[in-house]
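Student: As you go down the protein sequences, you meet chains A and B in turn.
Those letters in the first sequence? Residues 2 to 225, per our numbering, in order.
Those letters in the second sequence? Residues 1365 to 1600, per our numbering, in order.
No lab work stands behind these hints, which were simulated from the structure alone.
Mixed in with the good hints, there may be bad ones.
Stated by the list, open to error - Pairs of lysine to aspartate or glutamate residues, derived as DMTMM-like cross-links and limited to a Cα-Cα distance of at most 20 Å, are as follows:
| no. | chain 1 | residue 1 | chain 2 | residue 2 |
| --- | --- | --- | --- | --- |
| 1 | B | LYS1461 | B | ASP1382 |
| 2 | A | LYS147 | B | ASP1507 |
| 3 | B | LYS1449 | A | ASP131 |
| 4 | B | LYS1459 | A | ASP131 |
As the list claims (entries may be wrong) - Residues of chain A placed beyond 10 Å of chain B at every Cβ, according to the derived structure:
| no. | residue |
| --- | --- |
| 5 | LYS9 |
| 6 | GLU15 |
| 7 | ALA26 |
| 8 | TYR44 |
| 9 | LEU86 |
| 10 | GLY88 |
| 11 | HIS105 |
| 12 | MET114 |
| 13 | VAL165 |
| 14 | SER179 |
| 15 | ARG212 |
C-beta: ideal position from N, C-alpha, C; glycine also.
Here are the chains, one letter per residue:
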Amino acid sequence: MTTENAQKLGWNREEMARRTALDIADGSYVNLGIGIPEKVAQYVPVGREVIYHTENGLLGMGPAPIAGQEDPELINAGKKAVTALPGASFFHHADSFAMIRGQHIDICVLGAMQISEQGDLANWSTGEPDAIPAVGGAMDLVAGVKTIYVITQHCTKDGTPKLVESCSYPLTGRAVVSRVYSDLAVIDVTPEGFQVVELAPGVSFDYLRQRTAGKLQAGRQKGS
Amino acid sequence: MIDKRIASLAEAVADIFDGATVMIGGFGEAGSPIELIHALIDQGAGNLTVVNNNTGSGHVGLAALIENGQVRKMICSYPRTLGSKVFPELYRSGKIKLDLVPQGTLAERIRAGGAGIPAFYTPTSVGTPLAEGKEQRNFAGRDYVMEHGLKADFALIKCQQADCHGNLVYNKTARNFAPIMAMAAKTTIVQTNAQVELGALDPEVVVTPGIFVDRIVTVSDPAQESKLVAEGRRYP
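With the rest of the complex left out, here is chain B (with noise of 0.2 Å):
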């Protein structure tokens, strides 16, 4: 009997160990996993490596689990969103590392660690600065750049609705990084807004299948990122 569906946010990240590598999910505050997030902060694992495309906004969500103090190193494209004001403070003192990604090339990095492809070659990033010191070869006359997979020990992503095996759906714009992210960690945990009975998604429409997901945590009336930071809020 297969059933990943875990009581409580608490026990869903209670495994997340100190200077584990967690990628999470989310376009801005879109698909923003808020509530794994605090969970996590709750929980206290330290010295993380984070992936997420951005780096969070006001005091909440990514940017308190950052403030908090309990990540390294961020993996991300764009660590500049409005309104991110924790990352940039700790990145100019030298108390946080960065580690600078093309958008696709990080999702395509992402893709490849889920898929087992440890290395590709792609031409985003050639002549610039952030091709520097890295194997290039040329196909075809045309020059590329090798990079890497990009795998994590943990997950977080949030979804629209989850059965029991994890088969998932997702909502608009918000799916963003979340079925790579979900093939590529060991364990994924998923909040998920919704329930349904196993048989209710059609397969047809299964975005991503149970296989990538580990544990699915519902949380019926998540929380709203911008909203929490236009009104000042603070986690904890």
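Same shape as in the complex, but just chain A (with noise of 0.2 Å):
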């Protein structure tokens, strides 16, 4: 049973969003993912303004409608219903991954299976035979968006470090991640592998590290 003296560890996937969306710089064009990416839009801090644009064809995407309003054909790449926020605009599909792939996005935050320490990304196959492959637009936003960030848990339910050496799954793109969210820490993908931006409460170094299992270093300060 959770009380107010135990000591908490780690970020929950509210908090992980939130932390996220602090490194959202005012004025951004965004595409968020599917899943715990979403979330980022509601935590955006007052004051920044941020432009959403989801691949199915829409730039000034806004939150999902009230019950009863739902439009089938107003709706995101997660196929859910969504609104259209003044200034929006709407363009086929071939415009919307030219914004994508020509680098006018700023920031995508997407989901993980794995990451490796050279920022390679694995996040739509598992490459077991008899999955139905589907790739969807992962690969072209990762070539193509300028920053992508990744929030993920930082383990599997079986406790298996999603931050590896290497891949094992079949990648989504090379040396594309640029900072990893996760619910122990905010890490950089840098030259020298993984490095530790801020760790969640409660989390300790070593702890973060047995839980890596790329190259881990404790933070740009260090190395004096």
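Fit the two chains together into the complex; they arrive one by one in their own frames, and the hints show the way.
Tutor: So this is what it looks like as structure tokens:
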């Protein structure tokens, strides 16, 4: 049972989304992946204007409509009902991916199965023979968007690290991830491997290192 | 006198032949020309290669076309949408082929096909299994994969308004692949929610110019795929 005295360890999903949102600058054009990344929009600090892109053809995407107001022809890439904010625009798929591939979108936040210390991302297939392969727009996003952020649990449900030396799953893109927001830490991908930017409450560097399979550095100030 | 209006869905799809490549608009149910797809099921052409972002859901629309055994191969980016049951079963039992293409590469292949560009280079998929066996080139220090333009014999798309010349406007995110598919197909067949008088569409807001459109059928009250799926409906 959780009590006020129980020591808190790590961030929950809402806190991971909130921490990520702090790094979304005013004026950014942003594409949010399905799942926890979608939550980032609700935590962008007041005073920052951010424009959301959804790859099925909408810039200026707003939150889900109130119940009963859903329009089946106004949806996001996860095929959920959304709204269009004042200043929004609609466009076809080739233009939408020109925005992505042409490096016009500033930030994309995605989920992950594995991230390597070189910044390789695997998030579309486990490579199992009976799986139905499905990639959607993930490969285009990581190849084209200027900055790729990943939100993920630090380990899988069975405790296997997701931050690894090299990915065993099929890649979505090579050397594409800039920063990882896990339930345990914020971590940059650098030429020297993973580097801790911030530890979550109650998480020590050693605790994090035991749960990270790739090369992990304590922080950018270190090395004195 | 140019008038691309066709009286019935059946007439509009009558010449789709066995073995044809058919692009079908829509992203999930948004923009899916469900009445044209059902007319193609009634018509019965088989051995089709179908280009769509997904593989349909439930047992209506694209999923029904696949379930009816008319599709030899799907070219798509995401054959695993919620409620997609027909395709995964057929795929696992080896009864349908899949050409998996990243969504933006799929869109650009269609655009290129319609624009007379046989191939292009893209950074998407470099270093992944989807780039295997494809020509690669380095431009200014970055690797790119060569992808081919994609054309079709027919495109089936849906729009909000059309005039008799085939000028089209769409509704919100139901636009998705329709404008580029209209460009890439030899014969583009449109179902429109409404027909308007020539001159009623402001030339500044026409999304698909009529040159890309061959046939228009009005379906003033189109079915909503998710409702049919929720009701457990099947076609035929």
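Student: Decide, hint by hint, whether the structure agrees.
Tutor: Against the structure, the hints come out as follows:
{"no.": "1", "hint": "LYS1461(B) - ASP1382(B)", "verdict": "holds, 16 Å"}
{"no.": "2", "hint": "LYS147(A) - ASP1507(B)", "verdict": "holds, 16 Å"}
{"no.": "3", "hint": "LYS1449(B) - ASP131(A)", "verdict": "holds, 15 Å"}
{"no.": "4", "hint": "LYS1459(B) - ASP131(A)", "verdict": "holds, 14 Å"}
{"no.": "5", "hint": "LYS9", "verdict": "holds, 34 Å"}
{"no.": "6", "hint": "GLU15", "verdict": "holds, 24 Å"}
{"no.": "7", "hint": "ALA26", "verdict": "holds, 24 Å"}
{"no.": "8", "hint": "TYR44", "verdict": "holds, 25 Å"}
{"no.": "9", "hint": "LEU86", "verdict": "holds, 13 Å"}
{"no.": "10", "hint": "GLY88", "verdict": "holds, 15 Å"}
{"no.": "11", "hint": "HIS105", "verdict": "holds, 13 Å"}
{"no.": "12", "hint": "MET114", "verdict": "holds, 13 Å"}
{"no.": "13", "hint": "VAL165", "verdict": "holds, 16 Å"}
{"no.": "14", "hint": "SER179", "verdict": "holds, 16 Å"}
{"no.": "15", "hint": "ARG212", "verdict": "holds, 26 Å"}
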